[in-house]
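Enquirer: Listed below, chain by chain, are the residues.
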Amino acid sequence: MQKKQGVKGFFSKLYRYRIFLLMLLPAVVYTLIFSYYPMTGIVMAFKKYNYADGILGSPWCGLDNFKFFFKSGQAGLVTRNTVLYNLVFIAFNTIFQIAVAIFLTEINNKHFRKTAQSLMFLPYFISWVIVGVMAFNIFSSDYGFLNTLITGLGGKRIPFYTNPKAWPFILIFFNIWKNIGYGSVMYLAAIMGIDTSVYEAAAIDGANVFQRIRKVTIPMIMPTTIILLLLAVGGIFKGNFDMFYNLVGNNGLLFNYTDVIDTLTFRALIRSNDFGMAAAIGLFQSVLCFITVIVVNKLVGKYDKDYTLF
Amino acid sequence: MKKKTKQVCALTLSAAMAAGMLAGCGSDSDKGGSDRKESAKNVEGKTYNGVDVSEHVDLKMYLLGERTPDFDAVYDEINKILEDKLNCSVSVDFLSWGEHEKKYSLLFSSQEDFDLIFTATSWGHYEQTVALGGFYPMAEDFIQKYAPQTWETVPEVAWEQAKINGEIYMVPNNQTEFGQDVLAVRGDLMEEYNVKSISNWDEMTEFFKRCAENGIYAVQNGPWYQYFQSQGMGLVGGTPKSGELILYNAEDPEDLDFRCIIDWDGFTDYCKQAKEMADAGCWSPDVLSNEEDRQTGLLTGKTAAMVWNMGTCLTYARQANTENPDWNTTLVDPVSDHPKHANPYINNGVAINKNSKNPERAMMALNEFYTNPEIQDLTMLGIEGKHWEAVGENQYKLLDESGYGLDNNCNWGWKNEKIYRTEYVENRTALDDTYDAVKESFTNNQREDHPYDGFNFNTENVTSQVAAVEAAVDTYYKPLINGLVDDVDQSVKDMKSALESAGIRDILTELDKQAADYVAGKQ
Amino acid sequence: MRDNARATKKKMSSDVRKLNIIAYTFCIAVALICLIPFLMIISGSFSSEAAITKNGFSLLPQDFSLQAYKTVFKEPIVVFRAYAVTICLTIGGTMIGLLLQTMTAYVLSRKDFEWRNKFSFFFYFTTLFNGGLVPYYVLMTRTLNLKDSYLALLLPLLFNVYNLLIMKSYITALPDSLIDAAKIDGCGEVRTLFQIVMPLIKPALATVGLFIALAYWNDWYNAMLYINTEDKYPLQYFLYQQVNNIEAYKKLIANSAVSSAVVTAVSLPTQTLKMALTIVVTGPIILAYPMVQKYFVQGITIGAVKG
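Residue numbers (the UniProt record's numbering), protein chains in the order written: chain A, 1 to 310; chain B, 1 to 523; chain C, 1 to 307.
Honestly, the hints are just simulated from the structure, not real lab data. Check before you lean on any hint, since a few could be wrong.
Lysine-lysine pairs mimicking DSS-like chemistry, simulated, CA-CA at most 30 Å apart [what the hints assert, rightly or not]:
#1 LYS215/A x LYS202/C
#2 LYS513/B x LYS496/B
#3 LYS340/B x LYS357/B
#4 LYS196/B x LYS340/B
#5 LYS357/B x LYS163/B
#6 LYS209/B x LYS156/A
#7 LYS147/C x LYS48/A
#8 LYS48/A x LYS165/A
#9 LYS67/A x LYS103/B
#10 LYS238/A x LYS102/B
#11 LYS13/A x LYS305/A
#12 LYS196/B x LYS357/B
#13 LYS302/A x LYS111/C
#14 LYS103/B x LYS238/A
#15 LYS111/C x LYS8/A
#16 LYS215/A x LYS114/A
Sample of chain A residues lacking proximity to chain B, with all beta carbon distances greater than 10 Å (derived) [to be verified]:
#17 SER35
#18 ASP64
#19 PHE69
#20 LYS71
#21 VAL133
#22 PHE145
#23 VAL233
#24 CYS289
Just so you know, even glycine gets a beta-carbon here, dropped at the ideal spot from N, CA and C.
Using the sequences and the accompanying hints, generate a full structural model.
Expert: And the structure:
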């Protein structure tokens with residue numbers, strides 16, 4: 001199995017793996033056509049694009065396309081916001097989704113289990129546009145449900161839309177709410193994949209349910225959890241535009257707490273529709289994500305080789 | 001043996017999938033562009049305005065919006081005229097409202113084959129498509145040769161506005177639209193608060209404050225536009241934030257200075273007044289995140305007035321009065337003490353695709369759309385006798401607009417006020433009279449032209465700065481103009497330093513240079 | 001699954017009871033928070049547009065009205081054709097996609113395949129970097145000539161690296177001994193995959209299948225880019241068109257670009273329409289969901305297969 005030398009070794013492996021390679025072939029061809037070929041578009045980040053010359057023919061412009069982002073004075077802020085939000089989202093989503101999956105499997109009543117699971121899936125189907133309108137219905141200072149409640153109880157109105165500090169909590173709440181059903185399915189499947197004999201063994205050893213969850217269930221779903229975490233980390237510099245834009249809109253008062261890279265880019269380019277600058281920010285995000293993933297993947301590899309992405 | 005079969009099995013499976021994918025890719029390869037029927041209806045010796053049109057041409061045009069049920073019937077009629085006069089036909093594809101933001105630029109980047117396309121300044125992709133080299137530049141002699149009637153009809157200032165870097169890329173429409181907004185306001189509240197008239201800034205703010213005192217919001221958001229208009233200022237086309245950041249004194253043709261809001265005292269003055277009004281409760285503190293339609297406040301009784309253009313105000317005032325006759329909603333001009341100016345003509349127009357194989361014929365067809373009253377009627381109103389009927393020489397009455405929709409088929413690019421018809425209103429109300437009066441006062445009170453009226457800033461040399469300013473400004477600008485900041489002076493100062501580091505000074509320097517060149521070029 | 005384990009203990013021990021209390025409370029709370037907004041959307045979709053703009057959302061319909069649904073089903077045949085297109089795409093796409101992803105994931109999870117990490121990286125890399133819309137659009141429309149073809153709806157969603165890696169993690173979790181045993185029995189790779197591995201990863205197949213299906217079901221974007229003929233519209237795009245046209249049209253008027261063209265847009269429902277659309281789209285999925293669900297409520301016993 002150790003590496004044989006040179007070309008000969010390569011060809012002998014090629015022959016040995018022929019079935020594997022054949023099974024990979026469709027996916028590889030697909031990826032080459034639909035992912036790698038269009039990647040030529042990345043060069044637009046360094047070009048002053050125009051229609052007539054196309055992607056490859058347009059003149060180079062060095063790093064000019066990146067300038068606007070750093071000139072805006074918000075680059076640090078939005079990058080920090082993007083990463084912090086994503087970190088919190090990843091942490092909370094993982095915890096809540098695993099909790100739901102474990103609790104659901106521990107519940108005996110099949111009908112309840114099925115119904116609860118279906119209900120939790122509902123928010124996935126509600127588009128962020130509608131969520132934005134709902135949020136306005138809840139938080140608006142004039143007619144908002146929450147403020148009506150507060151004043152009804154004799155409290156003082158809270159103007160949520162002029163008060164940035166409330167927004168991290170609101171955004172985190174909606175993010176968890178939207179993903180809880182969809183995300184927990186993956187953990188449910190992982191728990192369902194655990195061989196029942198392991199549980200039987202644990203029961204015979206006299207473990208109580210809490211010990212069983214801690215000692216059996218959680219370790220057994222670790223591979224899935226880590227893969228999902230790694231996949232999420234791969235997008236850590238990419239903000240969920242739909243969510244931020246629909247919940248916050250162009251509300252400058254809240255930007256310090258709510259502006260992410262994607263919303264800033266949207267504002268900057270909405271009028272000029274500059275392809276080069278859009279590509280530049282995309283590349284900036286991709287490179288940062290790439291570095292992060294390489295590092296995290298290495299760290300995971302130190303812990304257990306089997307858990308790594310690649 | 002068994003193993004062999006399995007290997008073969010795997011092989012076949014993979015190969016089949018790969019082949020399937022590849023086959024899929026090529027299957028429709030002969031489809032592209034087949035919409036155009038090959039026709040050889042060439043007519044010997046046919047000419048249009050002295051230009052040879054003996055070869056038959058099928059043109060393709062992109063419009064924005066939706067294909068209405070009777071659209072094709074209407075365009076069949078138009079094609080009869082076009083076939084007859086210039087031996088060509090036009091087929092139309094639509095970019096729907098929801099998708100034109102994305103697809104407009106994709107048409108050009110994928111080098112699609114078409115000839116004509118609707119465009120408009122800022123919202124209709126005009127500047128950005130020109131900047132990326134998507135449109136066919138129309139030299140003056142090109143227009144004069146292939147569309148002489150249009151060249152005569154379109155006012156000079158309109159051509160001037162359409163110029164970018166000295167080159168014309170669209171045929172602007174020809175109608176005097178007043179972009180300046182008016183107020184649709186509830187007459188019963190004016191009476192109740194004892195506000196006799198709302199004709200200038202002070203009267204308007206007074207009314208706003210009376211509304212707040214009585215616990216009703218006056219309008220949806222801060223009246224920044226009304227303020228700078230009451231100071232005689234106008235927006236500079238093509239500058240960031242649709243021009244709202246840089247103003248010029250439109251009422252004094254001699255005054256060639258620009259006022260950037262970070263330097264202009266008027267802005268700080270306005271923001272202070274806005275804060276006072278906002279604190280008093282003249283509009284909702286949620287204004288920045290409120291996505292409600294503009295008319296919602298007025299129609300639901302949450303606000304006392306609505307700010308919009310004249311036509312729209314009329315429509316919603318009518319609706320408000322139908323639903324609540326006692327409201328007595330009426331129209332007022334809160335800046336009536338200042339002269340008016342028509343919208344830029346490039347608010348609607350038509351451009352030719354740079355990749356068009358027949359730009360000459362496209363221009364001729366456009367000339368027909370623009371100057372042939374029959375086509376003008378067809379595109380705006382539909383088929384006579386089915387959708388509308390004529391009243392006199394230049395008016396119309398609707399019969400059944402459901403199949404086509406009045407003025408609703410992206411016909412705005414070639415609207416020509418010299419030949420289009422106006423509506424004949426049968427049961428006139430007091431509101432209609434007010435509308436006519438306001439409109440007349442606009443028409444009769446037009447200001448002198450300012451050298452900058454036709455000027456359009458070209459952002460090409462300062463693209464990074466413009467994008468940076470666009471990104472940075474919203475943090476301060478909207479809260480300021482809606483009076484939602486704690487300390488106006490501090491916030492203006494913060495905005496100033498933010499915009500300066502984003503590069504607003506570069507933009508202003510470039511603007512001064514371009515404006516000076518422009519004015520010099522005009523003389 | 002755990003039911004068996006629990007069945008051995010006749011009485012609920014105190015720890016089980018404690019856990020049950022926590023689990024029920026938590027799940028009921030979460031389910032309610034997820035359900036209530038949806039109920040508001042249902043009642044909103046049966047309300048009149050005027051009532052919704054005036055009073056906001058509520059749990060019961062205000063000023064009961066079918067206006068929104070009437071707008072959606074204005075031309076019922078078109079809607080049903082759109083449903084048909086979406087259902088065909090979803091079923092076809094899910095089957096092909098699932099096969100493709102499982103096959104690939106199986107190879108990538110095989111520890112005796114030395115190049116598995118290189119290939120994983122080859123696939124994963126595409127999730128980080130992409131060339132943006134323009135080159136992709138040119139690829140689809142000019143290179144592959146897929147404009148207005150159903151393939152333009154099928155192909156882009158066929159293969160998804162996230163699903164691939166999730167699938168891979170499930171297969172990796174299977175004990176190595178299983179595959180070794182299969183090899184010793186003289187099973188080829190294809191048979192091992194189809195007869196040994198696939199039956200054991202049913203929950204995973206259900207999960208990834210569900211995700212692929214949802215991606216097809218919810219896709220309007222590809223239709224927006226590549227489909228021109230109304231006959232070929234999938235459901236989501238058809239609905240998306242309706243709402244967006246009204247919205248964008250209203251916005252356009254707000255920008256006062258087309259002052260004279262207001263008349264037709266004034267009375268169109270938007271909020272209630274959006275809500276009705278949510279119901280129209282979600283309904284069939286919610287009804288079909290229990291079919292997938294059975295794979296999440298039943299564990300598997302690997303030992304039984306092994307023998």
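Enquirer: It remains to establish, for every hint, whether it holds in the given structure.
Expert: Do the hints match the structure? See the list:
no.	hint	in the structure
1	LYS215/A x LYS202/C	24 Å, holds
2	LYS513/B x LYS496/B	22 Å, holds
3	LYS340/B x LYS357/B	42 Å, violated
4	LYS196/B x LYS340/B	23 Å, holds
5	LYS357/B x LYS163/B	23 Å, holds
6	LYS209/B x LYS156/A	23 Å, holds
7	LYS147/C x LYS48/A	28 Å, holds
8	LYS48/A x LYS165/A	40 Å, violated
9	LYS67/A x LYS103/B	27 Å, holds
10	LYS238/A x LYS102/B	21 Å, holds
11	LYS13/A x LYS305/A	22 Å, holds
12	LYS196/B x LYS357/B	62 Å, violated
13	LYS302/A x LYS111/C	18 Å, holds
14	LYS103/B x LYS238/A	24 Å, holds
15	LYS111/C x LYS8/A	22 Å, holds
16	LYS215/A x LYS114/A	26 Å, holds
17	SER35	13 Å, holds
18	ASP64	6 Å, violated
19	PHE69	8 Å, violated
20	LYS71	4 Å, violated
21	VAL133	7 Å, violated
22	PHE145	13 Å, holds
23	VAL233	26 Å, holds
24	CYS289	21 Å, holds
Hint check: violations occur at hints 3, 8, 12, 18, 19, 20 and 21; the rest are consistent with the structure.
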